[in-house]
Amino acid sequence: MSQLEITAVKVRPYEADDEKLKAFASIVFNNCFIVKDLKVIEGANGRFVAMPSRRGKDGLFRDIAHPLNQAMRDLIERVVLAAYEEELRRGFEGSQRVRDGLEE
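Take 3 as the starting number for the sequence shown in the numbering used here and just add one per residue.
These are calculated hints, taken from the structure and not from any lab test. Any given hint might turn out to be false.
Straight line, CA to CA, 25 Å or less: simulated DSS-like cross-link-like pairs of lysine-lysine [claimed, not checked]:
{"hint": "1", "residue 1": "Lys22", "residue 2": "Lys12"}
{"hint": "2", "residue 1": "Lys38", "residue 2": "Lys24"}
{"hint": "3", "residue 1": "Lys12", "residue 2": "Lys24"}
{"hint": "4", "residue 1": "Lys38", "residue 2": "Lys59"}
{"hint": "5", "residue 1": "Lys22", "residue 2": "Lys38"}
{"hint": "6", "residue 1": "Lys41", "residue 2": "Lys22"}
{"hint": "7", "residue 1": "Lys12", "residue 2": "Lys41"}
{"hint": "8", "residue 1": "Lys41", "residue 2": "Lys59"}
{"hint": "9", "residue 1": "Lys38", "residue 2": "Lys12"}
{"hint": "10", "residue 1": "Lys41", "residue 2": "Lys24"}
For each label pair, taking beta carbons as the anchor points, the in silico distance ranges come out as [what the hints assert, rightly or not]:
{"hint": "11", "residue 1": "Asp60", "residue 2": "Ala10", "range": "33 to 43 Å"}
{"hint": "12", "residue 1": "Lys38", "residue 2": "Leu70", "range": "13 to 23 Å"}
{"hint": "13", "residue 1": "Asp39", "residue 2": "Arg91", "range": "15 to 25 Å"}
{"hint": "14", "residue 1": "Arg91", "residue 2": "Glu7", "range": "16 to 26 Å"}
{"hint": "15", "residue 1": "Thr9", "residue 2": "Lys59", "range": "28 to 38 Å"}
{"hint": "16", "residue 1": "Gly61", "residue 2": "Glu7", "range": "30 to 40 Å"}
{"hint": "17", "residue 1": "Asp65", "residue 2": "Gln5", "range": "19 to 29 Å"}
{"hint": "18", "residue 1": "Lys22", "residue 2": "Arg91", "range": "15 to 25 Å"}
{"hint": "19", "residue 1": "Ile66", "residue 2": "Ala18", "range": "17 to 27 Å"}
{"hint": "20", "residue 1": "Gly93", "residue 2": "Gly58", "range": "32 to 42 Å"}
{"hint": "21", "residue 1": "Asp76", "residue 2": "Asp39", "range": "16 to 26 Å"}
{"hint": "22", "residue 1": "Gln5", "residue 2": "Gly93", "range": "33 to 43 Å"}
Beta carbons are placed, not taken as given, at the ideal position from N, Cα and C, and that holds for glycine.
Assemble the whole structure, with the sequences as input and the hints as a guide.
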């Protein structure tokens, strides 16, 4: 089995009253599997990447997809945050903006 690689990353800025949520991201693995709706969050200890999640009937959020080990989590976070920083430098030119959960 070949090694799992992140072959594409797309980051879209998020504009809303929620100052903690900075962007949504999508990542592609091995040019054949995409995970959408990762979130770039500004936390108390700096930026981090939250996995896509859904609120259950009990009101708690549960991850829809997530890494099974710390090495993969670190790789995803490193790649997504690097793409976010690059988009910040470019001013998100040409990026589709997301406002209140809807792509513009």
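Going down the list of hints, with the structure as the test:
no., hint, result
1, Lys22 x Lys12, "19 Å, holds"
2, Lys38 x Lys24, "15 Å, holds"
3, Lys12 x Lys24, "14 Å, holds"
4, Lys38 x Lys59, "22 Å, holds"
5, Lys22 x Lys38, "19 Å, holds"
6, Lys41 x Lys22, "10 Å, holds"
7, Lys12 x Lys41, "11 Å, holds"
8, Lys41 x Lys59, "22 Å, holds"
9, Lys38 x Lys12, "9 Å, holds"
10, Lys41 x Lys24, "7 Å, holds"
11, Asp60 x Ala10: 33 to 43 Å, "35 Å, holds"
12, Lys38 x Leu70: 13 to 23 Å, "19 Å, holds"
13, Asp39 x Arg91: 15 to 25 Å, "24 Å, holds"
14, Arg91 x Glu7: 16 to 26 Å, "24 Å, holds"
15, Thr9 x Lys59: 28 to 38 Å, "36 Å, holds"
16, Gly61 x Glu7: 30 to 40 Å, "36 Å, holds"
17, Asp65 x Gln5: 19 to 29 Å, "23 Å, holds"
18, Lys22 x Arg91: 15 to 25 Å, "21 Å, holds"
19, Ile66 x Ala18: 17 to 27 Å, "21 Å, holds"
20, Gly93 x Gly58: 32 to 42 Å, "38 Å, holds"
21, Asp76 x Asp39: 16 to 26 Å, "20 Å, holds"
22, Gln5 x Gly93: 33 to 43 Å, "34 Å, holds"
In summary, the structure agrees with every hint in the numbered list given earlier.
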